[in-house]
Amino acid sequence: MTLLRIRIWPQSLAGRIILLLLGGLTLLHLGSMAVHESALDDAESGARIERLAARLSAAATLIATLPEPSRDAAAHGLSLPGIDIHWDRAAPIPDGPVPARLAAAGSRLGPGARLAWDPKAEPGHRAMGGVPVGADGWLVFSASWIGGPGNALDRSTLISMAAMAIGIALASVLVVRWITRPLRRLADAADSIGRDLGDRPLPTDGPSEVTHAAVAFNAMQARIRRLVEDRTEALAAVSHDLRTPLARLRLRAGFLEEGEARTRMEADLAEMEAMIGRTLDYIREGRDAEPARPADLAAILQTLASDATDAGHDVAYDGPPHAVLPLRRLAAKRALSNLAENAVKHGAPPVRLTIRDEGARVVVDVTDGGSGIAAEDRARALEPFAQLDAARGTAGSGLGLAIACRFAEASGGTLELGAASAGGGLCVRMSLPRQAI
Amino acid sequence: MEDTAERRLLDPQSHLLIVEDDGEMRNLVARLLREAGFRVSAARDGREMWEVMDGAGGAPDLVLLDIMMPGASGLDLLRRLRERGRVPVMMLTARGEEMDRVLGLELGADDYVAKPFAPRELVARVRALLRRAAPAAEAGSATGSRRLAFAGWVLDTARRELLSPESVSVDLSGAEYDLLLAFLEHPQRVLSREQLLEVAKRRVGVDPFDRTVDVQVSRLRRKIEPDEGSPPLIKTVRGSGYVLVADVTRA
Numbered sequence: 001m002t003l004l005r006i007r008i009w010p011q012s013l014a015g016r017i018i019l020l021l022l023g024g025l026t027l028l029h030l031g032s033m034a035v036h037e038s039a040l041d042d043a044e045s046g047a048r049i050e051r052l053a054a055r056l057s058a059a060a061t062l063i064a065t066l067p068e069p070s071r072d073a074a075a076h077g078l079s080l081p082g083i084d085i086h087w088d089r090a091a092p093i094p095d096g097p098v099p100a101r102l103a104a105a106g107s108r109l110g111p112g113a114r115l116a117w118d119p120k121a122e123p124g125h126r127a128m129g130g131v132p133v134g135a136d137g138w139l140v141f142s143a144s145w146i147g148g149p150g151n152a153l154d155r156s157t158l159i160s161m162a163a164m165a166i167g168i169a170l171a172s173v174l175v176v177r178w179i180t181r182p183l184r185r186l187a188d189a190a191d192s193i194g195r196d197l198g199d200r201p202l203p204t205d206g207p208s209e210v211t212h213a214a215v216a217f218n219a220m221q222a223r224i225r226r227l228v229e230d231r232t233e234a235l236a237a238v239s240h241d242l243r244t245p246l247a248r249l250r251l252r253a254g255f256l257e258e259g260e261a262r263t264r265m266e267a268d269l270a271e272m273e274a275m276i277g278r279t280l281d282y283i284r285e286g287r288d289a290e291p292a293r294p295a296d297l298a299a300i301l302q303t304l305a306s307d308a309t310d311a312g313h314d315v316a317y318d319g320p321p322h323a324v325l326p327l328r329r330l331a332a333k334r335a336l337s338n339l340a341e342n343a344v345k346h347g348a349p350p351v352r353l354t355i356r357d358e359g360a361r362v363v364v365d366v367t368d369g370g371s372g373i374a375a376e377d378r379a380r381a382l383e384p385f386a387q388l389d390a391a392r393g394t395a396g397s398g399l400g401l402a403i404a405c406r407f408a409e410a411s412g413g414t415l416e417l418g419a420a421s422a423g424g425g426l427c428v429r430m431s432l433p434r435q436a437i
Numbered sequence: 001m002e003d004t005a006e007r008r009l010l011d012p013q014s015h016l017l018i019v020e021d022d023g024e025m026r027n028l029v030a031r032l033l034r035e036a037g038f039r040v041s042a043a044r045d046g047r048e049m050w051e052v053m054d055g056a057g058g059a060p061d062l063v064l065l066d067i068m069m070p071g072a073s074g075l076d077l078l079r080r081l082r083e084r085g086r087v088p089v090m091m092l093t094a095r096g097e098e099m100d101r102v103l104g105l106e107l108g109a110d111d112y113v114a115k116p117f118a119p120r121e122l123v124a125r126v127r128a129l130l131r132r133a134a135p136a137a138e139a140g141s142a143t144g145s146r147r148l149a150f151a152g153w154v155l156d157t158a159r160r161e162l163l164s165p166e167s168v169s170v171d172l173s174g175a176e177y178d179l180l181l182a183f184l185e186h187p188q189r190v191l192s193r194e195q196l197l198e199v200a201k202r203r204v205g206v207d208p209f210d211r212t213v214d215v216q217v218s219r220l221r222r223k224i225e226p227d228e229g230s231p232p233l234i235k236t237v238r239g240s241g242y243v244l245v246a247d248v249t250r251a
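The listed protein sequences derive, respectively, from chains A and B. Using this note's numbering, you'd call the opening residue of the first sequence number 1 and step up by one each time. Using this note's numbering, you'd call the opening residue of the second sequence number 1 and step up by one each time.
These aren't lab readings, by the way, just hints derived from the structure by calculation. This one's a predicted model, so the numbers in the text were calculated from it and none came from an experiment. Each statement offered as a hint is correct.
What follows is a set of in silico ranges between Cβ atoms, one per label pair, in the way DEER data are often shown:
no., chain 1, residue 1, chain 2, residue 2, range
1, B, R222, A, E409, 27 to 35 Å
2, A, T414, B, V154, 27 to 35 Å
3, A, V228, B, P165, 39 to 47 Å
4, B, E83, A, P350, 52 to 60 Å
5, A, A236, B, E83, 28 to 36 Å
6, B, P232, A, A236, 45 to 53 Å
7, A, A187, B, R222, 46 to 54 Å
8, B, V154, A, G359, 24 to 32 Å
9, A, A222, B, R221, 51 to 59 Å
10, A, A190, B, E83, 53 to 61 Å
11, B, E225, A, V228, 43 to 51 Å
12, B, A56, A, A410, 51 to 59 Å
13, A, E409, B, P165, 28 to 36 Å
14, A, A187, B, V154, 46 to 54 Å
In this text, a Cβ means the ideal position worked out from N, Cα and C, and glycines have one as well.
Please build the complete structure, drawing on both the sequences and the hints.
Following this line, the structure appears as structure tokens:
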């Protein structure tokens, strides 16, 4: 059903305009052709009927002079192309309704003429008529039609219409594409704003409606950017300011007596600190001025694996001893340590960090042996502050993957979530270009 | 110069100066360091800092300087401290603000601690810095060496960054960094497991045991050793420890 609707009524503006142009022009063409043909018909059919009437009256006069046995043969000899004429003693003309145009033609054939229409007869003999020959016979004729041509859609008409339709279609495709190009640009820009709020206004040219839309769009983009920046600043300021009381609290906790309460308090403080740190990391990613310089990605992953191992987790690096590519080293370490921490905290051992060289790209896989993330939740998991419940736990700020994703994209790479081949745990795949962007 | 160094070595109670605008924070840090056995002066801003520096209590052995302060910022004060001399300075920075940190270290700070810090970490870092500063003062190294070069490698102690002979930045864990620094400060000298264990103990949150040293050394080797076939940079001395065989130059 939907498919049918799409076929008849196209989804795109260009398609609709083309369809409208094509349909409208075809209707116009058909209408003008019909008017033209009918005017032509009237003139032509009048002339033909007069010719037929003249022929019939001449034939009748001639045949009346002939002896009866030779009359039929002579009448045949007088047949016109498309009109058979013969002689008959009695007129075998059926009664029945006669089409109006045929009747009108019949009235012009001469006095005493009769006409009939037999739609069941053989083709070419459906219209029949007769004129009396003296008092003892009829000159009978049969034809497919008397008058102008009944059917306007002949071959040449079809060809001309098809040529016109193709011409219109081609021209309208070009024109409509040109007209809708600014609209497509607008759509592309709207699509990209979700991912990148960079300062790239749309060109404001094209038809005035599209120009208005582009101007409005640019204003909206600026507003959204300002809004996001304000929020980000506020969030950064709050996170930043929270650290001073947190630092005091940490020092105070240090003066408490050793014991379970103090240990737990310090653990809570560490968690709060980590949350604030991640929030600031997320906000800062892509904003700091660290330049990309050749760095050993393998060394970073080895460090992360070593640190996690020392903290008692099953984390190992499995890859080449060195993998050098241009990196913002501190940002890369931040991003990857978030991935490793996520795998330890939300996944299950064993956690493996691997590097694969794919020529133009270097691919880092962080896999764990947990239950993974369902395919439909993966896109959401990459969004900042996303909290996937149930299996992956709710602790944390929901920023780890977002930080890593922002880092990957800012470095000209990608971040994807997938299933680890063995065991079905999560596999976070960061792909980075070997050349600096 | 030699007098000061001697006094510092003889006097177990080092004099620390904390410059911090937040009163509560200042008191807490001062209390923490006092409880750790240091003599502590506190200053609210640059003016008070100079008063202590020139005061009767004697110049401090180490200054802890907060970066974010109203008026003259920590960085300004650091610059002026450096114009006067080589007192070790530890910056207290907000976590992760790398550019601040790098700037501070380039201006001549000796170390930084990110707020909020674990109390034990601060004490450990202060002790480590005092220990590092003492032999430097002894040797009369007024500028303080920030770049240590060995076998084509460079360890930038300001940025805590290790560069390979191909100028590739090679990431080190905290323990690996401390270990490498220990080797670089004692090139071509056999360091025993016990000595290296002492280094490892400075790290916070790690419970070092004998085996830890071997694990850390092997991790460090994996990052800095040349390809197979070339002689190793860090040699195992069976039964006694490890030795860095390369020459170390200070740049």
